[in-house]
Each structure stands twice: as C-alpha cells, then as structure tokens.
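**Q** Based on the provided sequences and hints, a complete structural model is requested.
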Amino acid sequence: MTLVSREGIQEDPWVFVADDAALPEGGAVVITLERWQRDGNALLARSGRLGICLRSDEMAEALAEALGHFDLVALEFPQFKDGRPYSSARILRERYGYTGELRAVGDVLRDQLFFMLRCGFDSFELPDRANVKEWMQAFEEIGVVYQPASDGRRPVPGLRR
Amino acid sequence: MYQYDAYDHRLVRERVAQFRGQVVRRLKGDLTEEEFRPLRLMNGLYLQLHAYMLRVAVPYGTLSSEQLRMLARIARKYDKGYGHFTTRQNIQYNWLNLEDVPDLLADLASVEMHAIQTSGNCIRNVTADQYAGVSADEIEDPRIYAEIIRQWSTLHPEFSFLPRKFKIAVTGAPKDRAAVRVHDIGLQMRRNEKGEAGFEVLVGGGLGRTPIIAKTIRPFLPKRDLLSYLEAILRVYNQLGRRDNLHKARIKILVQSVGAERFTEMVEAEWQHLRDGALELPAETIAHIRAFFAAPAYETLEAKVPAFEAKRFEDRVFSEWCRTNLAPHKVPGYAIVNISLKATGEAPGDASAEQMETVADLAERHSFGELRVTHAQNLVLPHVKLADVFAVWQALAAAGLASANIGLITDTITCPGLDYCNLANARSIPVAQQISERFEALERQHDIGDLKIKISGCINACGHHHVGHIGLLGVDKKGEEFYQITLGGDAEEKASIGDIVGPAFAREKAVDAVETIVETYLARRQNGERFLDTYRRLGLAPFKEQLYDAR
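Here the protein sequences line up with chains A and B, keeping their order.
For the first sequence, the numbering used here gives the first residue as 36, with consecutive numbering after it.
For the second sequence, the numbering used here gives the first residue as 4, with consecutive numbering after it.
This list has only true hints and no planted wrong ones.
Non-contacting residues of chain B with respect to chain A, defined by C-beta distances greater than 12 Å in every case (computed):
# : residue
1 : Val261
2 : Glu317
3 : Arg368
For lysine-lysine, the following BS3-like pairs were computed, each having C-alpha atoms within a straight-line distance of at most 30 Å:
# : chain 1 : residue 1 : chain 2 : residue 2
4 : B       : Lys218    : A       : Lys116
5 : B       : Lys31     : A       : Lys116
6 : B       : Lys481    : B       : Lys512
If you are wondering where the hints come from, they were derived from the structure by calculation, not from laboratory data.
Where is the CB? At the ideal position from N, CA and C, for every residue including glycine.
**A** This is how it looks when you write it as structure tokens:
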C-alpha cells in the first residue's frame with residue numbers, strides 16, 4: 036500500500052486497529068464505526084489522535100455528532116464501482132464542514148482518483164502495483180469542471196458569467 | 004443550436020486524450036478488462052457479439068449538417084458505411100476496432116460531439132422532444148434545460164458510479180413526445196398558478212424486466228431549483244439504490260420499495276441541504292443557454308402556399324407522404340418534415356453514409372442547417388418552407404428516404420437484437436423487416452392508422468416493447484426464437500404498460516399473430532377509434548380469442 040496526497044507519496048502515521056484488537060496507549064489509531072459506538076468513552080480517554088473508517092454501507096450521517104473527535108475519516112470502496120463513498124465524502128465536507136484528512140481506501144484505482152479528489156478526498160491508499168507517478172497524472176487530466184463539488188474549483192457556468 | 008466555447012472544447016479534447024491513454028494501457032495489459040470496462044463504457048464503447056460498438060451522443064436529438072456529415076464520414080472511415088439511430092436519440096457504430104476509437108473520438112470532438120456517458124452506471128445522454136422549438140404547443144424549448152443538465156451531469160464526480168444507469172428526458176410541451184414517463188427522471192414543463200414556467204418532476208419510470216410508469220414527486224419545480232433538485236434525487240439514489248442485485252438496481256425499484264411518498268420525503272429532506280446553494284440556476288445562466296436556441300431567421304410567409312397545395316393535389320405519392328410525414332410548424336408557411344428510417348425490408352433506424360449526407364445537404368439548404376433524431380429512430384428536418392417541401396421530398400425519394408409511414412404500423416421501434424447484441428435472446432430486425440413487408444401496401448397502413456409496434460430482442464427492452472400498442476419481446480425457448488406479444492402499451496401522456504396476450508409465438512408465426520391482432524381491431528373498431536382506443540375499450544379478450552381459441 037502506498038499513501039499519496041496530491042503533493043505525492045506520504046508517510047502514514049495512522050495504525051488501523053481491528054475491532055477485536057487491544058488499543059495501543061498512544062499514537063494515531065483508526066477504528067471502525069462499530070468500535071466507536073461501543074468504546075467511544077475509552078477512545079476519547081486516550082492521548083493519541085483518532086481516526087475512523089466507514090464501510091460503503093455506513094452513512095456519513097452516522098458521524099454528524101461525533102465528527103469533531105476525528106482527525107482522519109477513511110471511506111472504504113469495497114469495489115471501485117461502489118459509488119456510495121463519493122456521496123459520503125461530499126456530505127462530510129459540504130454539510131458538516133469537516134476539514135480533517137479524508138482518505139480513500141479499498142479498491143482505489145487510477146481512473147477514479149479525479150472523481151475522488153473532486154468529492155473532497157485528500158489522501159489515497161494506492162495498491163502496491165500502482166505506478167505512482169503515472170497514476171497521479173489522473174488528478175490533472177481534466178482541467179474543466181461543470182459542477183460545484185467539494186474541491187473549491189469554479190465550475191464552467193460560473194466562469195462564463 | 005448550442006455551440007461549444009473554449010471550456011467545452013477543452014473538456015472533450017482532454018477526455019479524448021484521457022481515453023487514448025486508457026486504450027494504450029489496456030492494449031499493454033496495464034488495465035484488466037474488468038478495470039477497463041467501466042472506463043470504456045463511460046465513453047460509450049461496448050464489446051458486442053462481433054466487434055466493438057460505439058454509441059455516440061446526440062444531445063437531446065439535435066444535430067447540425069456539419070455534424071451529420073462527420074457521422075457519415077466516421078461510418079465510412081471506421082465502420083462499414085452505415086450507422087444505427089437509437090431510441091435514446093444516439094447513433095451507434097457496430098464494427099469498430101479498439102485501436103481506432105481514440106481517433107474516432109477526436110474526429111467527433113472536432114464537430115463538438117462526444118460519446119461521454121452514453122453507457123455505464125452514470126447519467127446518460129439527456130433526451131428531449133424532437134419537435135423542440137418548433138411545435139406550437141410548447142411552453143419553452145426543452146433543449147435549454149437538457150443542455151444545462153448535459154453540462155451539469157458531464158463527469159459528475161459524485162454520480163459516475165451509480166447503482167445502475169440513469170436516464171433523464173425533458174419535454175416542454177403537454178403532448179409527450181419524449182416518453183418522459185418511462186425514464187428514471189422525466190421532466191415535463193408546466194406553468195404554476197402565477198403563470199411561471201417550471202417542471203413537473205417524475206421519477207422511477209423504466210422498462211426492462213420490471214416496467215414501471217414514473218410517479219410525480221413534485222408537481223411544480225421552479226427553474227432556478229432544477230439542478231439542486233436533481234442532485235438531491237441522485238444523491239438519495241446513489242446512497243440507497245440496491246447494489247447487490249443488478250436487476251433491482253434501477254431507481255424505479257427503490258421508489259417502488261420505499262413508496263413514492265417516502266421517496267419524495269427523502270428527496271425533499273436532502274434538497275433542504277442543497278437548495279439555494281451553488282447549484283442554483285441564475286436567470287443569466289438560463290438566458291446564456293437560451294440564446295443558443297433562439298429561433299432561426301424565419302421569413303414572413305403566407306400560411307397557405309398554392310404551389311404546395313397544387314403538388315399535393317396532383318401527385319398522389321407525394322400527397323400520401325405529406326399526410327404522415329409532415330407536422331405543423333409554429334411559424335406560418337413552414338412545416339416539420341419527418342424522414343422515416345423504416346423503409347420496407349431495411350433495418351429500422353439504420354442510415355447509410357450516403358443517406359446521412361443527403362439529409363445533411365437538405366438540412367443545410369432547407370432547414371437552417373439543423374436536424375433532429377427522434378426516439379422512434381427517425382430523422383426530422385425541423386424548419387422547411389412549405390414552398391420547398393416538394394423538392395425536399397423528391398431528393399429524399401431519390402435517396403430511398405421517402406417512406407410515407409411515420410406513426411403507422413411499419414414505423415416500428417426495433418432494438419439491434421441478436422444480429423448484433425450479446426444480451427439478446429432473439430433477433431428483432433428480421434421481424435421488423437417482415438412486418439414492413441407484410442403491411443407494405445400504404446392504403447392498408449392508412450386504414451389501420453395510428454399503431455405503434457415496438458420490438459425488443461430480450462427483456463432489457465431496448466425496443467420499448469412494453470409501451471408499444473403492440474409489443475413483441477424475443478424469448479429463447481430451447482434454442483428457438485419465440486415472441487411474446489403485449490397489447491395496449493403507450494409511452495405518451497397516458498402512459499401504460501402493455502398486457503401479455505398469452506403464450507409466445509414461434510418465429511414463423513409471430514407476424515401472422517400481429518396480422519390477426521390488426522384484423523381483430525379492424526373488425527371491432529367504432530367511429531374512427533385508434534387501435535389503442537379499441538384495445539382500452541375491449542381489453543384482451545377478443546384478441547386472445549382470435550389468437551388462440553379460433554385456431
């Protein structure tokens with residue numbers, strides 16, 4: 036797995052902790068929604084930073100109240116053609132004003148990166164086989180956007196006015 | 004007509020370059036077929052029985068002469084010299100090599116065309132009334148809004164991996180010529196009590212294996228809210244549409260399972276977050292797009308043109324063609340000319356490169372360089388002076404394009420079927436050809452009157468058989484082609500799904516069965532009833548009796 040942002044390859048300080056694994060004392064951990072709902076208080080008592088990972092069938096709305104506790108939200112694409120995380124990403128960014136790291140994990144492929152970036156993802160776990168330099172060109176291939184999304188780009192209808 | 008500006012040009016150019024890269028990666032093996040598939044589909048490229056098929060978008064069915072000439076050139080250069088116009092106002096090429104497709108797309112881009120989102124689980128080419136801008140009954144030209152939707156939906160980052168494909172149709176007139184009630188979203192322009200124009204929003208219509216007529220979820224939507232409301236519908240669908248079963252993934256199944264009322268509540272709740280935001284359509288954006296669809300420079304003409312009337316009187320063949328193929332134009336002295344692509348014995352919707360060029364020339368000379376593609380797989384010259392109609396007809400006749408059958412029994416809608424399609428169970432084209440031969444006599448066709456036959460080669464219903472007055476569905480029975488017949492379907496304002504008449508008919512009996520149905524209607528009709536009226540009055544029983552019991 037290679038973690039990238041639009042700037043390039045990134046170090047990954049986050050550790051994913053499975054639901055049945057013990058929590059480390061410190062350090063940045065990513066947990067599931069289920070664990071958050073079960074062990075929320077214990078998690079908040081820790082000193083380290085918290086991240087959460089949502090499956091594609093878990094709605095962003097489930098985080099509405101708790102979002103302030105997380106420095107990372109990871110949204111999982113079980114298959115690239117499952118498009119639900121795109122909606123979750125935009126809801127987190129645009130409705131709840133989430134400004135922390137929003138990470139695409141799971142079946143993250145080159146030709147979806149442009150859409151992910153537009154929906155507000157800012158970090159991407161690429162598979163080991165990825166040719167990182169080549170894949171990152173996907174961010175730059177299309178320079179025209181027609182609709183507002185979470186990336187702050189000005190869509191064409193606005194540019195025409 | 005809409006004209007690209009620098010932004011639109013840049014987008015299609017970059018899209019071609021992107022696809023060229025994807026094709027290179029596929030040919031090198033860097034992309035698996037499974038990974039390549041959604042990418043090629045989002046560029047309209049299918050892998051069919053014999054070759055790659057490309058579906059090119061004709062946005063809301065409007066083409067210029069220059070564009071049609073390019074479609075002809077593409078047919079010659081990359082295909083076998085013809086193309087197939089589809090029920091969603093697109094054109095398909097059936098015999099392509101993958102390596103050629105990027106160049107083909109570059110040729111299309113040079114005339115402001117593309118194949119973006121003509122396939123795949125995304126928002127497809129937006130369709131509209133083929134008489135947009137020229138029919139007297141319309142509130143506003145639906146193409147203004149179809150173009151706004153085209154732009155909004157193009158490479159939409161949130162809605163490119165929906166549970167399933169998504170089709171939107173817009174009509175500006177009360178008479179529904181765009182089949183909006185069998186689309187995922189249908190938009191029908193309406194006026195509210197203040198006289199303002201807006202949209203009735205219908206959701207969850209569709210054909211396929213579960214045919215459903217769309218439900219109205221909002222009787223009136225102001226124009227400024229069009230895109231935010233569409234985004235709310237699409238978001239609810241993207242989040243909640245089923246992804247576990249391909250056959251239950253369309254929005255119609257979601258609407259059906261939660262109920263139209265609950266679905267409406269969910270959309271309205273989502274819309275509260277989106278309305279009055281960045282998607283609001285300012286009047287100047289609408290005005291900017293509307294300007295492209297301004298009426299051409301019509302001349303002031305007399306409504307009656309004696310020379311035209313005289314030709315109609317003198318020439319019986321011309322007169323018959325006028326009777327079916329002309330429609331009234333909103334401007335005096337002009338006519339809408341329908342060009343049938345249903346010549347006897349030909350594949351419905353097919354046009355040769357030469358025919359496309361003939362039509363392009365005629366549009367240039369007689370129709371302000373503009374033409375239309377209809378969802379019934381025909382072409383239209385939207386603005387022809389009545390004084391020119393005879394000359395246009397002569398030129399069409401010389402090109403084999405003067406079939407006088409618009410709206411009659413031989414004007415079938417037909418999917419490509421097993422001759423091309425790897426989903427099909429049976430052939431469709433030969434059945435349509437046989438119908439066109441059996442009912443060739445024009446006098447008999449006129450006697451039968453308004454009768455829409457629609458033929459699909461499989462349950463996916465690309466030939467819209469469910470909404471044919473007579474529908475034929477190809478089924479496979481132990482390797483033999485059979486055809487199940489439905490009666491009483493309708494795709495217009497009073498949309499209805501046809502009723503299955505009984506057990507399917509073997510290939511060689513199918514057209515006989517159609518003839519029996521027609522004869523039963525002729526024997527039972529009262530005072531000029533259309534087939535559909537007679538069927539609605541009598542129901543299945545008399546047809547069933549003649550088809551099954553009388554044998």
